[in-house]
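Trainee: Each chain is listed here by its residues.
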Amino acid sequence: MNTQDIVSAAEAVKAAILANEEHIESLDRAIGDGDHFINVRRGCEAIVALKGELQPLPPAEAFKKIGMKLLSTIGGASGPLIGSFFISMGKELDGLAEPDAMQFANALSAGVDAIKTRGKADVGEKTMLDVLIPTSRLLLRLAGEGSDRATLCVKLKQEAESNMLATRDMIATKGRAHFLGERALGHIDPGAKTSQVAVFAVCDMLTVGATS
Amino acid sequence: MKKFVNDVDSLLLESLQGLAAAHPDLLQLHLDPTCVTRKKRATNKVALISGGGAGHEPLHCGLIGRGMLDAACPGQVFTSPTPDQMLAAAEAVDAGQGVLFIVKNYAGDVMNFQMATEMMDRPCATVLVNDDVAVERSTHTTGRRGVAGTLIVEKIVGAAAEAGASLDQCKTLGDRVNSRTASMGVAFTSCTVPAAGRPTFDIGEREMEFGVGIHGEPGRRRDTVRPAQQLVDELMAAILGDLKPARGSEVLLHVNGFGGTPLIELYLLFHCANQLLEREGLKLARSLVGNYTTALEMAGASLTVSMMDEELKSLWDAPVHTAALHW
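Here the protein sequences come in this chain order: S and V. Under our numbering, the first residue of the first sequence is numbered 1, with each subsequent residue one higher. Under our numbering, the first residue of the second sequence is numbered 1, with each subsequent residue one higher.
If you're looking for bench data, these hints aren't it; they were derived computationally from the structure. Certain hints may be false.
[Claimed, not checked] Okay, derived cross-link-like pairs now, DMTMM-like style, lysine to aspartate or glutamate, Cα gap no bigger than 20 Å in a straight line:
(1) K116/S with E159/S
(2) K65/S with E45/S
(3) K69/S with E118/V
(4) K69/S with E14/V
(5) K69/S with D9/V
(6) K157/S with E53/S
(7) K14/S with D9/V
(8) K65/S with D113/S
(9) K65/S with E22/S
(10) K64/S with D113/S
(11) K39/V with E207/V
(12) K64/S with E53/S
(13) K244/V with E136/V
(14) K51/S with E11/S
(15) K64/S with E118/V
(16) K313/V with E250/V
(17) K120/S with D94/V
(18) K40/V with D25/V
(19) K120/S with E136/V
(20) K3/V with D202/V
(21) K14/S with D204/S
(22) K65/S with D9/V
(23) K91/S with D5/S
(24) K65/S with D32/V
(25) K51/S with E61/S
(26) K39/V with E14/V
(27) K3/V with E91/V
(28) K65/S with D122/S
(29) K40/V with E118/V
(30) K3/V with E14/V
(31) K91/S with E118/V
(32) K116/S with E118/V
(33) K155/S with D100/S
Extracted from the complex, chain S is given alone in its bound form (with noise of 0.2 Å):
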C-alpha cells in the first residue's frame, strides 16, 4: 500500500458515501439527530481536496495530515474519533515506505484503539466500533495467515456488512442513540453503517486495483 492508494480509497469512500446519501439519512434521522451524513460528507469532502498536498508524502505523514485535516474539519463526536484513528494510524505507519498487509493491518488496529480510548466505547454499544473492531481483527488474522488481497477483501466486506445489520438488534449506550434507549431497537447504527460502506468501498477499490 501507497500514499496513491490512500488517496484512491479517500476518492472511492467520498463517492460511496455520497452514493448513500438517502440510507445512512434516514437511519441518522431515526436514532440519531440529523447531522452525521452532512458531517461525514464535509470530511471526505476536505480529504479529497487536499488530494495534491498528499501525494507526495510517505503513508504515515500521509495519514497524520489527513487526520488533522479530519479534526478541524468535521466537529461533532466523529471528528476527534475519526482525526484520532487517523493519527494514530499514521504513527503506526512511521518510516514505513510502502507498507505490506500485516503493517496495514497493525496500523488499521492502533486506529481503531484510539478510536475506542476517545471515545471510551467498546462493541456492543451500537456505534461504528461494532464494525470496525472485528473487520480490523478479521484484517490481523487473514493478513497473518497471508491470505490474498481478493479473499481477503471479500471476507472484510461480510464482517463489516453482518456486523453492521447485528447493530439493528441492539441497545445503544454510546453516542446520540442512548438517549433513545429501547427505542432504537430495529433501527442500524449510522455510523455503523458509514464504516460498513467504507469498508466497502476501499475493498472494491482494491480489488479493482488488483484485476487492472
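Given chain S, put chain V in place with the hints provided.
Mentor: For chain V alone, kept in the frame of chain S given last:
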C-alpha cells in the same frame, strides 16, 4: 423547508457576520478558524470560553461580553466546534490568568474540548455542565446532558471571573452551580437542521416528546399533550426530585423557550412553575424567561431551577453586558 437561507453552506458564517455587525461595540468575529470574542479584550482575569454547535442562539455567542464569556466557538448547526477553534479562541482572549472552558455534556463537545486542552500549553480547566435530569446519570453512558442551565453557570462564573476570581475558584464555582442546577424540557414539534432540509423527527399533532434534549433528541418518552399545569408539575417533580431543596430554600427559576414557542406561553409556564414553588415552600429569588438555549425553530420549553445563596445571588445580580443578556 422554508428558512431564510442564501446558501445552506454559508448560513452559519452569514449569521455570525450579522451578529458581529449588529453588535460592533461588543463582538469581534474571527475566521479560519471561526470564533467570536469580546471586541475589547479583558485584561488580568480568567478567560471564559464556551462553545458548541450552532442552532441554540443566543447561546453562546450572544453571551459574550463584560460579566460573562470572553469568547465562544460556534460549530456547524448541532455539531460541536473543533479543537483548532478552541485553541484560536484561547490565544485571542487569554489574559494571563488561565482559561476556563464551559462545556455542555454532549459526547462531541466533550471530546473536542478535551483534545483542545490536551493540545494547549496554557493553564486551563473545564466545567462540564450536565443539568438535564431527563437522562439518568450513568457510568455506562455519556450521562446527563448540558442544557439551559449552562447560561446560569456562564453568568455566575462570568461575574466571579470579572471580579478577579482565580482559575481554581472559577472552576470550583462552576462545578458548584452545576451541581445545584437542574432542567427538563418538552417539545411539541421537531426542528429542521438547514443542511438536512427536513424535520429531525416525526411527531403527531397531539404528541409531545417529554424530556427532550436541545437538538430534538429524545428524553424520557413520547406522550400525548396535556394541560400546561400538568406538564409543569411533572417537569418540576423531576427537577426538584433531583435537587431536593429544603423548604424555605431560595431558587432561581428559568423558563427557556426552544425557539418556536411564543413568550405568552413561556410566561404562562412561569406562572404555573412559580405557583408550584410556593406550594413546595420554596422562595423565588431570581427569574429569567425567554428563548436563550434554543433548538432552531422547535416548539417547546424547558424549566430550570438553580439553588441560590447570598453569594450566588450577588453574582447573578452583577452587571452583565452581552447581546442577549444585560443589566
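Trainee: Below or equal to 20 Å on CA atoms is what counts here, so check K3/V against E14/V.
Mentor: Distance ~14 Å between K3/V and E14/V Cα, so the pair holds.
Trainee: Take a quick look at whether K51/S and E61/S sit within 20 Å of each other, Cα to Cα.
Mentor: holds (13 Å)
Trainee: Within 20 Å, alpha carbon to alpha carbon, are K65/S and E22/S?
Mentor: violated (30 Å)
Trainee: Checking one constraint from the list: CA of K155/S to CA of D100/S, max 20 Å. Satisfied?
Mentor: Roughly 18 Å separates the two Cα atoms, so the pair holds.
Trainee: Holds or violated: are the alpha carbons of K39/V and E14/V at most 20 Å from each other?
Mentor: holds (19 Å)
Trainee: Compare the distance between the alpha carbons of K69/S and E14/V with 20 Å, and conclude whether the hinted pair is satisfied.
Mentor: violated (23 Å)
Trainee: Would the hint linking K65/S and D113/S be met if the CA-CA limit is 20 Å?
Mentor: With Cα atoms ~19 Å apart, K65/S and D113/S stay inside 20 Å; holds.
Trainee: Against the 20 Å threshold, does the CA-CA distance of K65/S and E45/S hold or violate the hint?
Mentor: With Cα atoms ~14 Å apart, K65/S and E45/S stay inside 20 Å; holds.
Trainee: Hey, K39/V versus E207/V, does the alpha-carbon distance stay inside 20 Å?
Mentor: Status violated; Cα separation ~44 Å.
Trainee: So if I understand the rule, the pair passes when the alpha-carbon distance is 20 Å or less; does K64/S with E53/S pass?
Mentor: OK: K64/S and E53/S at ~12 Å, within 20 Å.
Trainee: Can the restraint linking K120/S and D94/V be considered satisfied, given a maximum Cα separation of 20 Å?
Mentor: violated (31 Å)
Trainee: Would you mind confirming whether the straight-line C-alpha gap from K3/V to E91/V stays at or under 20 Å?
Mentor: violated (35 Å)
Checked against the numbered hints above, the structure breaks hints 4, 6, 9, 11, 17, 22, 27, 28, 29 and satisfies the rest.
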